[in-house]
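K.L.:
Construct all of the structure, not just a fragment, from the sequences and the given hints.
Given next are the chains, with one letter for each unit.
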Amino acid sequence: MITSTVSTGRRSSFRKWFTATGWRHLIGVAVIIFCAFPLLYVLSSSLNPNGTLVGSNALFQEIDLGNYIDLFNRPSQPYGAWFLNTLLIGGISSLGTVFLGALAAYAFSRMRFTGRRVGLLTLLLVQMFPQLLAVVAIFLLLNAIGDIFPILGLDSQLGLIVVYLGGALGVNTYLMYGFFNTVPLSIDEAAKIDGASHARIFFTIILRLVAPILAVVGLLSFIGTTNEFVIASVLLSDPSKQTLAVGLYQFVSDETSKNWSLFAAGAVMAAIPVMALFLYLQKYIVNGLTAGAVK
Amino acid sequence: MTRPSTQPSKYKETPTLKAVLIKIIALGLLDAVVVYALFVLFLKESWVAFVLVAIGLVAINWIYLTRRALPAKYLAPGIVFLIIFQLFAVGYSAYIAFTNFGDGHNSTREDAIDSIVAKSLQRVENSPTYDLTVLDQLGTYSFLVTEPDGTVSLGNVESPLEPVDNAQLSGSGKAIGLDGYTALDFAGILANQQAISALAVPLTDNPSDGALRTPDGSKAFLYESTLKYDEAAGSFTDETSGTVFIDRGNGQFETAEGETIQPGWKIDVGFANFARAFGEEEIRRPLIGVVIWTFAFAILSVATTFALGLFLAVVFNDARMKGRRFYRVIAILPYAFPAFLSALVWAGLMNRDFGFINQVLLGGADVPWLTDPVLAKVSILIVNLWLGFPYMFLVSTGALQAIPDEIVEAAKVDGAKPWALFRHIKLPLLMVSLAPLLISSFAFNFNNFNLIYMLTGGGPRDIGADVNVGATDILITLVYKVAFGSVAGRDYGLASAFAIIIFIVVATVSVIGFRQTKALEDLN
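Chains as they are written, first to last, in the UniProt record's numbering: chain P, 1 to 295; chain S, 1 to 524.
Don't read these hints as lab results, they were simulated from the structure. Built from N, CA and C at the ideal position, the CB exists for glycine as well. Careful: at least some of the hints might be erroneous.
[Said to hold, decoys possible] Examples of chain S residues toward chain P, derived with CB under 10 Å:
#1 LYS44
#2 LEU82
#3 GLY91
#4 PHE340
#5 GLY355
#6 PHE389
#7 TYR492
#8 ILE502
[Unchecked claim] List of simulated lysine to any residue pairs, SDA-like, C-alpha gap at most 25 Å:
#9 S:LYS322 with P:HIS25
#10 S:LYS119 with S:ILE261
#11 S:LYS266 with P:PHE139
#12 S:LYS73 with P:ALA211
#13 P:LYS16 with S:ARG325
#14 S:LYS23 with P:ASP194
#15 P:LYS16 with S:PHE422
#16 P:LYS192 with P:PHE113
#17 S:LYS322 with P:SER12
#18 P:LYS283 with S:ALA435
#19 P:LYS258 with P:GLY51
#20 P:LYS283 with S:MET431
#21 P:LYS192 with S:THR66
#22 P:LYS241 with P:LEU158
#23 S:LYS73 with P:GLY96
#24 S:LYS23 with P:PHE202
#25 S:LYS23 with P:PHE203
#26 P:LYS283 with S:PRO404
#27 S:LYS322 with S:ALA336
#28 S:LYS228 with S:ILE261
#29 P:LYS192 with S:LYS73
#30 S:LYS266 with P:LEU154
#31 S:LYS73 with P:VAL210
#32 P:LYS16 with S:GLU409
#33 S:LYS322 with P:PHE278
#34 S:LYS44 with P:LEU158
#35 P:LYS258 with S:ALA365
[As the list claims (entries may be wrong)] With beta-carbon atoms standing in for the labels, derived distance ranges:
#36 S:GLY415 with P:PHE18: 21 to 27 Å
#37 S:LYS322 with P:LEU84: 40 to 46 Å
#38 P:LEU279 with S:GLU282: 45 to 51 Å
#39 P:ASN143 with S:ASP466: 23 to 29 Å
#40 P:SER240 with S:VAL244: 48 to 54 Å
P.N.:
Written as structure tokens, this is what we have:
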């Protein structure tokens, strides 16, 4: 009898635990499998010396770093160059985006001028038209600009960066504008009384106070540029000038399933820095995103 | 919220020397570059561009030299890029949509005529033989020819033959060199054989007079076009067959039977591209399919990702649950993984013959995940769920935590059950803050190029269609394939017409959506 009461007690406490939080863990485990599986699969493929798609189905059976080394020894698919190009184009574009966006957000947040409301509304609407829709026009425009400044023409990375900066104002300005508004105006006033010019206030005071949102916008725009395929694929045709998105896509589509583990190694290397940065700045990103959601 | 207005007039302090210097140097550099561009545009006689750039230059200088216009000083840099690469690009797309721009129609009528003449060159029977020396100047090849009567002339692809008098002659009277040029020797000719045999140096300014070409690099022969252009009638005549090709206003030369010669040239075609999109059965049928699928995809994407994201946010939002942080980090991993790579990885997983899902999970099954029209659509939604739910999970969690506890407690006191509490209290509050994000998400998925293009490439292909279109193509991938595809050639005009249609649809949906949610009224 005693044992049975104990067991019922245990069972009822289990049931209580299960109805309260236990079932949530079941769902959690399902989520982990769904989310992590494709990522583990890529990691396993990248370590597989076998190379083919079908050979990658046995997870973590053999572990070999050969693919990672091979990746840098293929003259027709210069992975190292793609990687550097992506860092360079993404880095400069996102720095430029942050700077241009911060300038605009400062004006919208701190100054009152005619056309301000209209300007903000226009930005909101313009960002509804993604640049990639106008890709034909951008292609022809750069072709024409290249006749005057070859350094900004087709097959020029600087040209691509300049095109990306066309989208600098938009949703970024919005995120920053909201954050700028949370910095008390009294700080500006105090600095002004001390004789600081508007440029001094902007560069030395405001920009420091809004650093978290600058990091978020910079990172989001870096990820956006890294993922951008359409414009980059149209503008950059020389393999040594291309980005990871363009290069790796052609890499798998050309070679179908033959070099799967090589592609997987490239994918892992391309993703790890971005993911590390993302997880490191996670708190700010979540705050930044939800700041847009919750007023 | 009222803010003391910071008027530009308040800033009256004297700028420091350093600030003035930086300003002068930056503005000076910019002006120098733009003036150079103006100079080139002037030489090219591109008057519209010249005027626009000049206006921009004056405006920028005014903004940074005046003491007024303070907001403009901060807005101008971003707006310059926005105007050139977004607003202008959209406007230019609209213009292209009304032309026949594309493969075979990418230049002016004059260029097309020259190109037709050059392409139909044939060696004239019994033409005189010219002694030839190929000269090189900074990578540009020129022909130095000695005519049978001893005249020495120089010419290249760009400029027709012109007599020269200071050429160095060999003992036999053949010109073999010219100051400022390097004569190619036999080895040099061999090394560049292909480029040299493709050269055609026109005899005179009139392309109908023919051109010189060389098969071996030492002798040149006269080549004439078999197609003769008649300046007065504006038509081409094929001298071998006698066929007459007339410009009928379609941007190309064609016979009465519809036979054409390529290339044509760019003309304005009015609404012809839109008429093709909606009128031609072989384009309209697939286009309608694409429009329906685009909407279905965008709506289902938002619905599925939001449903899963919100569900998980609610599930993990229980303070009693242990290890929530861990679950959260894992759940946002797909969001942190670059999206284009995810699509490619899933394409491997779902491969019909070798993929992990068929081979391992389904034990060697033969499910055509990406190659069956219906299953491919399902696969896309599954992969998009994987890609998209973490974002919805993040924003839903944020919004849930922002709901004041008092409201929830009050409802509980009134006897609300969990489901009723969620349905009638939490969800309406969530929707207030999340609705604008759902609209943005719709707009994003409406143009979710990477997922479609990298996962299925728009396939499986619709063979009956006149454009390169597949079962899973959405509008944006269709635009890309029509504009830059390799299968059916490039048709910039039609692609831009599609792009304009998308602009109108997305803008309409967005404006209606934002009206509904009144998001715009929050702007102060």
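K.L.:
Take the C-alpha atoms of LYS16 (chain P) and ARG325 (chain S), compute the straight-line distance between them, and say whether it is at most 25 Å.
P.N.:
holds (23 Å)
K.L.:
With a cut-off of 10 Å on the beta carbons, see whether GLY91 (chain S) makes it to chain P.
P.N.:
Check passed: Cβ of GLY91 (chain S) comes within 8 Å of chain P, closer than 10 Å.
K.L.:
Are the Cα atoms of LYS192 (chain P) and THR66 (chain S) separated by 25 Å or less?
P.N.:
holds (20 Å)
K.L.:
For the pair supplied as a hint, LYS228 (chain S) and ILE261 (chain S), is the alpha-carbon distance within the 25 Å limit?
P.N.:
holds (13 Å)
K.L.:
Indicate whether the distance between the beta carbons of ASN143 (chain P) and ASP466 (chain S) respects the range 23 to 29 Å.
P.N.:
Since the Cβ atoms of ASN143 (chain P) and ASP466 (chain S) sit about 27 Å apart, the hinted range of 23 to 29 Å holds.
K.L.:
Hey, LYS16 (chain P) versus GLU409 (chain S), does the alpha-carbon distance stay inside 25 Å?
P.N.:
holds (22 Å)
K.L.:
Checking hints one by one. Is PHE389 (chain S) an interface residue toward chain P, by the C-beta closer than 10 Å rule?
P.N.:
The hint holds - PHE389 (chain S) has a Cβ within 10 Å of chain P, the shortest such distance being about 9 Å.
K.L.:
Determine whether the Cβ-Cβ distance between LEU279 (chain P) and GLU282 (chain S) falls within the hinted range of 45 to 51 Å.
P.N.:
Holds, at about 50 Å.
K.L.:
Taking 40 to 46 Å as the stated bounds, is the beta-carbon spacing between LYS322 (chain S) and LEU84 (chain P) within them?
P.N.:
holds (44 Å)
K.L.:
When you check the alpha-carbon spacing of LYS192 (chain P) and PHE113 (chain P), does it fall within 25 Å?
P.N.:
holds (19 Å)
K.L.:
Measure nothing beyond the straight line between the CA atoms of LYS16 (chain P) and PHE422 (chain S); if it is 25 Å or shorter, mark the hint as holding.
P.N.:
holds (22 Å)
K.L.:
What's the verdict on LYS283 (chain P) and ALA435 (chain S), does the C-alpha distance respect the 25 Å limit or exceed it?
P.N.:
holds (23 Å)
Of the numbered hints listed earlier, not one is contradicted by the structure.
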